[in-house]
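A.B. asks: Going line by line, the protein sequences match chains A and B.
Numbering-wise, our numbering comes out as the position in the first sequence, counting from 1, plus 154.
Numbering-wise, our numbering comes out as the position in the second sequence, counting from 1, plus 11.
Hints are supplied without guarantee of correctness; some may be wrong.
[Unchecked claim] Quick list of simulated restraints, FRET-style, between CB atoms:
(1) A:D428 x B:L349: 38 to 44 angstroms
(2) B:N362 x A:M387: 28 to 34 angstroms
(3) B:A312 x A:E459: 18 to 24 angstroms
[Stated by the list, open to error] Chain B is faced by these chain A residues, among others (derived, beta-carbon under 8 angstroms):
(4) H207
(5) D208
(6) R210
(7) S212
(8) T216
(9) A219
(10) D242
(11) P244
(12) A399
(13) I455
(14) I507
[Claimed, not checked] Partner residues aside, some chain B positions facing chain A, computed with beta carbon under 10 angstroms:
(15) T225
(16) Q374
(17) T378
(18) G380
(19) S381
(20) V388
(21) Y412
(22) V429
(23) D430
(24) E434
(25) R436
(26) Q437
(27) D440
(28) A442
For the record, the hints were derived by calculation from the structure and aren't laboratory data.
Note that beta-carbon positions come from the ideal geometry of N, C-alpha and C, so glycine has one too.
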Amino acid sequence: MSQAPLLRQITDYANRADPYPLYEELRKTPVLHEEEGGPYVISSYWDIESLLHDPRISSDFTNLAVASEDELSGPEATGLPPSFIRLDPPEHDRLRRIANSSFGPPHRPTRIDSMRGELAQIVTDLIDGFGDARKIDVVDQFAYPFPVTVICRLLGVPREDEPRFRSWVDPIVAGLDPDTRTSAESMKTAQEARLQLGMYLNGLVEQRAREPREDMLSDLVNSHGPDGAMTTMEVLSTAVLLLIAGHETTVNLITNGMLTLLRHPEYLRRLRDDPGLSVKIVEELLRYEPPVQLVPQRTCIADIELRGVTIPKGSRIWLVLAAGNRDPERFHEPDRFDPDREDIQHLGFGSGIHSCFGAPLARLEAQIALAELARRLDNPRLVEDPPPYRPNAVLRGPRHLEITFDALR
Amino acid sequence: MPTDYLDRFRREGRIVIVGASLAGLRAAETLRAEGFTGSLTMIGDEPYDPYDRPPLSKAVLLGKASALHTDLPRRREIDAKWRLGVAATGLDMTAKRVRLADGDEVEYDRLLIATGVRARPWPKESEADLDGVLLLRTRDDAAALYRRLKAGPRRVLIIGAGFAGSEVASACREMGLAVTVAERAGAPLVGALGGVIGSVSAELYHENGVDLRTGVMVTGLESDSVGRVKAAHLSDESVVETDLVVVSLGSMRNTEWLTGSGLGAGPRGIACDAGCRAFDFRGIVTDDIFVAGDVARSPHALFGYQFLSLEHWGNAVAQAEVAAHNMISSSAERRPHLWVPAFWSSQFGVNIKSVGVPPMGEQIMITQGSLAERRFVGVYGYQGRIIAAVSFDNTRWLEFYERQIERGAPFPVEFATVDRRPEGRQPVDAAFPDPSLPTHGPTVTLSGYSPSDRQLVFTPARH
Numbered sequence: 155m156s157q158a159p160l161l162r163q164i165t166d167y168a169n170r171a172d173p174y175p176l177y178e179e180l181r182k183t184p185v186l187h188e189e190e191g192g193p194y195v196i197s198s199y200w201d202i203e204s205l206l207h208d209p210r211i212s213s214d215f216t217n218l219a220v221a222s223e224d225e226l227s228g229p230e231a232t233g234l235p236p237s238f239i240r241l242d243p244p245e246h247d248r249l250r251r252i253a254n255s256s257f258g259p260p261h262r263p264t265r266i267d268s269m270r271g272e273l274a275q276i277v278t279d280l281i282d283g284f285g286d287a288r289k290i291d292v293v294d295q296f297a298y299p300f301p302v303t304v305i306c307r308l309l310g311v312p313r314e315d316e317p318r319f320r321s322w323v324d325p326i327v328a329g330l331d332p333d334t335r336t337s338a339e340s341m342k343t344a345q346e347a348r349l350q351l352g353m354y355l356n357g358l359v360e361q362r363a364r365e366p367r368e369d370m371l372s373d374l375v376n377s378h379g380p381d382g383a384m385t386t387m388e389v390l391s392t393a394v395l396l397l398i399a400g401h402e403t404t405v406n407l408i409t410n411g412m413l414t415l416l417r418h419p420e421y422l423r424r425l426r427d428d429p430g431l432s433v434k435i436v437e438e439l440l441r442y443e444p445p446v447q448l449v450p451q452r453t454c455i456a457d458i459e460l461r462g463v464t465i466p467k468g469s470r471i472w473l474v475l476a477a478g479n480r481d482p483e484r485f486h487e488p489d490r491f492d493p494d495r496e497d498i499q500h501l502g503f504g505s506g507i508h509s510c511f512g513a514p515l516a517r518l519e520a521q522i523a524l525a526e527l528a529r530r531l532d533n534p535r536l537v538e539d540p541p542p543y544r545p546n547a548v549l550r551g552p553r554h555l556e557i558t559f560d561a562l563r
Numbered sequence: 012m013p014t015d016y017l018d019r020f021r022r023e024g025r026i027v028i029v030g031a032s033l034a035g036l037r038a039a040e041t042l043r044a045e046g047f048t049g050s051l052t053m054i055g056d057e058p059y060d061p062y063d064r065p066p067l068s069k070a071v072l073l074g075k076a077s078a079l080h081t082d083l084p085r086r087r088e089i090d091a092k093w094r095l096g097v098a099a100t101g102l103d104m105t106a107k108r109v110r111l112a113d114g115d116e117v118e119y120d121r122l123l124i125a126t127g128v129r130a131r132p133w134p135k136e137s138e139a140d141l142d143g144v145l146l147l148r149t150r151d152d153a154a155a156l157y158r159r160l161k162a163g164p165r166r167v168l169i170i171g172a173g174f175a176g177s178e179v180a181s182a183c184r185e186m187g188l189a190v191t192v193a194e195r196a197g198a199p200l201v202g203a204l205g206g207v208i209g210s211v212s213a214e215l216y217h218e219n220g221v222d223l224r225t226g227v228m229v230t231g232l233e234s235d236s237v238g239r240v241k242a243a244h245l246s247d248e249s250v251v252e253t254d255l256v257v258v259s260l261g262s263m264r265n266t267e268w269l270t271g272s273g274l275g276a277g278p279r280g281i282a283c284d285a286g287c288r289a290f291d292f293r294g295i296v297t298d299d300i301f302v303a304g305d306v307a308r309s310p311h312a313l314f315g316y317q318f319l320s321l322e323h324w325g326n327a328v329a330q331a332e333v334a335a336h337n338m339i340s341s342s343a344e345r346r347p348h349l350w351v352p353a354f355w356s357s358q359f360g361v362n363i364k365s366v367g368v369p370p371m372g373e374q375i376m377i378t379q380g381s382l383a384e385r386r387f388v389g390v391y392g393y394q395g396r397i398i399a400a401v402s403f404d405n406t407r408w409l410e411f412y413e414r415q416i417e418r419g420a421p422f423p424v425e426f427a428t429v430d431r432r433p434e435g436r437q438p439v440d441a442a443f444p445d446p447s448l449p450t451h452g453p454t455v456t457l458s459g460y461s462p463s464d465r466q467l468v469f470t471p472a473r474h
């Protein structure tokens, strides 16, 4: 009984490389409530799936019974309104519809697919850039720069500004980590960074309002569909969301993917011979090593009974997607990486109204990235297993992934 | 003994499936997937390989997909003997033989009936035969209707504002064609979803420029001297000039071929138990005849054991899988067909989806969103519990309500939900029409098992 509470072990950096035994422990108490005032932690596949579709669940932190001071005066209170990921319908639906009208069907059904050639070219350039090196860091030289370049082009943010916005993105992402959330100082830093990033984007948005281009910032600021226009503040918080979500998750998907393939070399071989296998590999990755491990930002606006436990209205609810993805009630041999599964399903992109906005882009990026790495790297090997991880327990992935290989093809 | 028989049957038995559409195909695939290695015969009255119908009233009419290219994707090889383009005309239950239109007879050890439904024709035959009077059910129907629409008729008249009629009207407006829709009820979709939702649908009609006439019947179709339709006469004495009439009066179950066979088959379908075994006309369950898809009528525990006929795509698949499994399983291994009804439609840019059995609903409450914005979830209550839900552009919440229906959760919905508006605090009458009156094609047909139950009997429309 001297063990630290399970939740603290999960957020403890020491367990970042392999949280899955902890998730297995977690599933033994499918509705875990360790501490007064602490979250209700949900870890089984079917429970998470059902709560993601439950209209009593809210993403709006003002519905928390006890919100911390940081949240009430949260990043959003400093000037930028919450983005749609932190809103409920109808505001969520309206903002997401407007954003989607510039991104996917029915208005822009081909936007993502038409980027296929462009994505492949970026990947080729990055791999060519390895030059004569036979040892590279997959994160810094590939998995990070690739989605950053893509989201910059899609939104219309100058790629060369990356060092600037990275200095704001890092503290914002750190603020999403439940471990750092308790620190008032890091929250304050995150708030300021979000405002700074918003102000930076505002410069671009003003320019696009005057001279629209073929990019999403132009579409967002000039939207005037059936849902009307976004206010400038809404444009900025949406742009902040898309910029960050557009690369901070994909970098982990690609890196987790390469790491997993190097640990399962038979699939790396098969992928080299059959690039089409990347579709199944990426889906299984989203189950086996999802880039977003848990959703710590939900609450309920009514008492909810789940597995005999009453979750009181206003409680914090954590949905541990990565634990649900390994639930033996749902998946045969859940701890086996098996892209040949007959029905690959996962909670990797969430589900319900907040299901990942950028999923079609993330899928395509990861498919192309992994297929090309498999095709062009001759005999790639891990230098260090496990690799060093980023601190974040929510957006979990290696900070570096050093590999060696014999030649570039 | 029975196990021996079953083993031998699974190895070398003869299964005949009458009906080569969605349910028939999925049943055949399930039989093979579960290890049936005997002979399999597929009988279908249409000359085509199994094809998908939902696109026929949507993408096909807009020219976005060809009527000839909606073949159903195959899950696996089924190694069957195909008898396509030949209708089954009779059944001899004693000799275990199916008679075919070409005079052939096919013997079976076990039979699956999945003959589905057909479009209800215009009741006056001479008018139904006029040039320019069309139905929509089959691939050929869709191809013909598409050709007519593309030719640019002056005005399309659609008789019946159920789901199919509404989808055709939507396609016509998208093509810029003038459309009149005549519906005998007070609003579109009332048979399936009730008057509260029907009035939302009526607004959609009006906003999209459809000339909607409700509370009227078409009393006659008039032709020109060469037999082309030129006008329709309505019961309110008005006349609609039209050169293309789409008759959309719901469907009729394909059971006539079973007349006199001794099977419990009639205009309301073929009655079967929850395990898809057909009843004979004496109410005794057969052990070698199974039913699946639109033509089946089976009791459902969640809905008071009423016999439900469901013209739903998802039901056809689920029921076919259960029927096939049960055909080659011992009684202990058999499964009940307990699918929660669900269907979808897309019309006038709105995605409509429903779960449960809305026509059983006495009251409805809008638990999320708003009728005026036409984005909402409506929940139907029956005797104090949730019996169904419908969404307009809010599909992603319906899974939750499906669970509530399965649990028999209480109605009215008292708990808080996101986006609950003041209008959604109180339940109101769901406003289904008097169930003793005929409607144009409800997608769920109820036939009560107890006199105290509300009954919605599928009665042929009389004009």
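A.B. asks: Give a verdict on every hint.
C.D. replies: Okay, the hints, checked on the actual structure:
1. A:D428 x B:L349: 38 to 44 angstroms: 40 angstroms, holds
2. B:N362 x A:M387: 28 to 34 angstroms: 30 angstroms, holds
3. B:A312 x A:E459: 18 to 24 angstroms: Check passed, 23 angstroms falls within 18 to 24 angstroms.
4. H207: Hint holds; H207 of chain A Cβ to chain B Cβ min 4 angstroms, cut 8 angstroms.
5. D208: D208 of chain A check passes; min Cβ-Cβ to chain B is 5 angstroms, inside 8 angstroms.
6. R210: Holds, because the Cβ-Cβ distance from R210 of chain A to chain B comes to roughly 6 angstroms (cut-off 8 angstroms).
7. S212: 6 angstroms, holds
8. T216: 12 angstroms, violated
9. A219: 13 angstroms, violated
10. D242: Given a least distance of 4 angstroms, the restraint on D242 of chain A holds.
11. P244: With a minimum Cβ separation of about 5 angstroms from chain B (threshold 8 angstroms), the hint on P244 of chain A holds.
12. A399: It is violated, given that the least Cβ distance between A399 of chain A and chain B is near 19 angstroms, above 8 angstroms.
13. I455: Holds, about 4 angstroms.
14. I507: 5 angstroms, holds
15. T225: 26 angstroms, violated
16. Q374: 19 angstroms, violated
17. T378: 7 angstroms, holds
18. G380: 7 angstroms, holds
19. S381: 8 angstroms, holds
20. V388: 8 angstroms, holds
21. Y412: 9 angstroms, holds
22. V429: 4 angstroms, holds
23. D430: 4 angstroms, holds
24. E434: 13 angstroms, violated
25. R436: 14 angstroms, violated
26. Q437: 18 angstroms, violated
27. D440: 23 angstroms, violated
28. A442: Cβ of A442 of chain B sits 24 angstroms from chain A, so the hint is violated.
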